[in-house]
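Just so you know, the protein sequences line up as chains A and B, in that order.
Mapped onto the numbering used here, the consecutive letters of the first sequence carry residue numbers 1 to 380.
Mapped onto the numbering used here, the consecutive letters of the second sequence carry residue numbers 1 to 385.
For the record, the hints were derived by calculation from the structure and aren't laboratory data.
Honestly, I wouldn't trust all of these hints.
[Unchecked claim] Covered stretches of chain A, as calculated for chain B (at least 3 residues, CB under 8 angstroms):
hint	region
1	43–57
2	122–131
3	184–197
4	205–215
5	295–307
All C-beta atoms in this analysis are idealised placements derived from N, C-alpha and C, irrespective of residue type, glycine included.
Below, each chain spelled out in residue letters.
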Amino acid sequence: MTVFKTFWKVVKRYKGTIIGFTLMLVIFGSINMSSNDVTSSFKETKPDIIIVNNDNTILADGLVSYFKENANIIDVKNTERAIDDAIFYRDASYVIYIPDGYEDNILNGGNGNIEIKSSGDYTSNLAEMLLTRYIKAIKVLSKEYSDKTTLLSKVNNALDENSKVELTTKINTTELSRLSRYYNFASYTLIAVILFIICLVLSSFNKETTRKRIVVSSMDYKKHNKYILIASSLYSIFVVILYTILAFIIFGSLTFTERGLLYILNTFIFSFVALCMALFISTLVKNKEAVSGIVNVVALSQAFLCGAFIPVVWLPESVIKIAHVLPAYWYINTNDFLAELEVLSFTNLKPIWINMLILIIFAIIFIILNNIASRKKMVL
Amino acid sequence: MFIHNFKYSLKVLFRNKSLIFWTFIFPILLGTFFHMAFKDIENNETFHAFDIAVVNSPYYENNTIFKKAINEASKESDNKLFNVKVVNKKDASKMLENKEITGYLEFSNSDVNIIINDNGIYETILKFFVDEVNSNKKIIENTVNEEISKGNLDYQMVISNVMEKLNETVEFKNISRSNLSYTMIEYYTLIAMAALYGGAISMYIINKNMPNMSSVGKRNSTAPIPKSTLLLSGLLASLVVQITGLILLFIYTIFILKIDYNSNIWLIALLAVVGSLAGLSLGCIIGTILKTNENAKSGILIAVTMFLSFLSGMMGITMKYVIDKNIPILNMINPAAMITDGFYALYYYGFESRYIFNILSLIVFSLIMLLISSISLRRQKYDSI
């Protein structure tokens, strides 16, 4: 029991680290909470734009109000600096400058002399499409209607098309992808917290004086190792439970649906892999300072290359290939799969069972490596 | 004596494996991860023609307006919207299920139905396309009605005129700045982080000179040498180590990762050096002011550095923008943000006042930190026990 208690005593000393990583999970794992709409029908993406209106006319106001309907108008200070910053940081993807004389130019058959700034991403394309469509419509219809108010209402009427859209998915993809992003990010904090703490605790046990003290004690080394193993397993379970509770606080009942339970099972298996990895690393590395370096590299490499920070679909092919040799890849793959799977059934879930099996194989490999490494250490 | 201490400080620093790892190797590793993960991210965010399907039916075959519009939009050109496949309904829904297509169009008697599986930008663009064709139909109807009411009965002519106008390309004058790659900020924060990690080096040197921290400190304090000589030579050695680390980082990012810093390399180097000075001074102040053990000090230093880097956008550039926009004062006193913002200004706006302001802020910050540290170090006495 002394060993067991000591383990937790050391864990307690590092609670700052655990809290730090957990806070990170809460902040980054649940980011984008603002787009919190439950959608069972189609929701159009609206580009974020800035409009600088220098033409105080009816037609210019008409253009502004059209964009108020069809885009999100971003409010920034009206200085070029603020606008340029907004474009760079993608606060807005498109800026429309309506020049003085826009109305006259349009009525005379021109394009309005509009100037634009664009961030070059796809939402800026959408904004440009909206603008082009509007300018074309107003150019054509201005030939027919001389009264500006009638012209605007005819343009708005012509552009007010709402085609029928059928969304085939029955699952709430937005909610699920958020949950899956939470768990994906958790792969990083989980590895970091489990590896960090277990390696640090075990390295305290391995300090030369402590080690000698343990060796001369009357306790059998097998019993000692058993306690360490139980304590570290309990610790990993504690971390998974903590993260599940946090998921419940953030996502509510979704956490404990059938799908949610699969996420938890997956996380549980992954934490087991992390535990085995931690035991292996702590056998290899006895030095406390080296521990933090190695843990950071192991945790960050998996986070960057396997999709914990950046969604897998955005990673280059070559990186994904490399990621196959890292356990976090298989964990995240399951999460992403679960977020998109329409119907849950045993056969449908086959890829998940395979991923879990691969994770268990990883764990077994770490156990074997650990045995080999510790045997070598014994000989030395 | 200055040179003697400088030499030994350098030796001590270069032999400290953990310091060398964090200041030399860790930023390079992190840079490699950034490079691997961010390589495609901006490319993914630009528009690419996407795949759709159309359900083959007599309704589609007879809908000449849509057929023409779809052909036009899927033609190889700069304005190509999508690749289209005409298939039967079963195949279309299978393709949608397998995510081979963004969505498909199904035509009925007078209407068209858009079937999609998700909410997103490409789905929106598909809907936009269908809306636009319908709007164009309306515009043509409106125009024809107006022209007929005005007595112009040649509606074929009117239609072809309007169609021509609707198909014209409308160009807008693009006055965006170049250099819009926002992943650059990540590399800037990386350099900022590496510069601030210099704090660990200077703190190590300070600890070596403080009698309450180590036996070497006790030995140094009893030596008949002015404190200033000891400290300045130690700090100079730290700066040398720090700059060596930064040079390695620059060489690695420029020549191996092929990062295009896209402006005067000397101005970048100047900012990096001034940034390192700020990092060193941060380490000094934490090392001198806090009266606690070495581990606690380095824990606090890392926490402070991480927090400052976080505010300056290391874990997502939005953070820097949000603070710049809402609480600008916070980033004006944050050395990590000064470094990042200096690089950003240089990259985006070129060499001008914003860059110079950041350089000056960093110098002022370093001087204040060093001043406070030296005041707290002066005339330290230890009671006889």
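Each hint tested on the structure:
1. 43–57: holds (count 3)
2. 122–131: Holds, because 8 residues of the region 122–131 of chain A bring their Cβ atoms closer than 8 angstroms to Cβ atoms of chain B.
3. 184–197: Since three or more residues must qualify, the claim that chain B covers the region 184–197 of chain A is violated, with 0 doing so at under 8 angstroms.
4. 205–215: Coverage by chain B is violated for the region 205–215 of chain A (0 residues, Cβ < 8 angstroms).
5. 295–307: holds (count 6)
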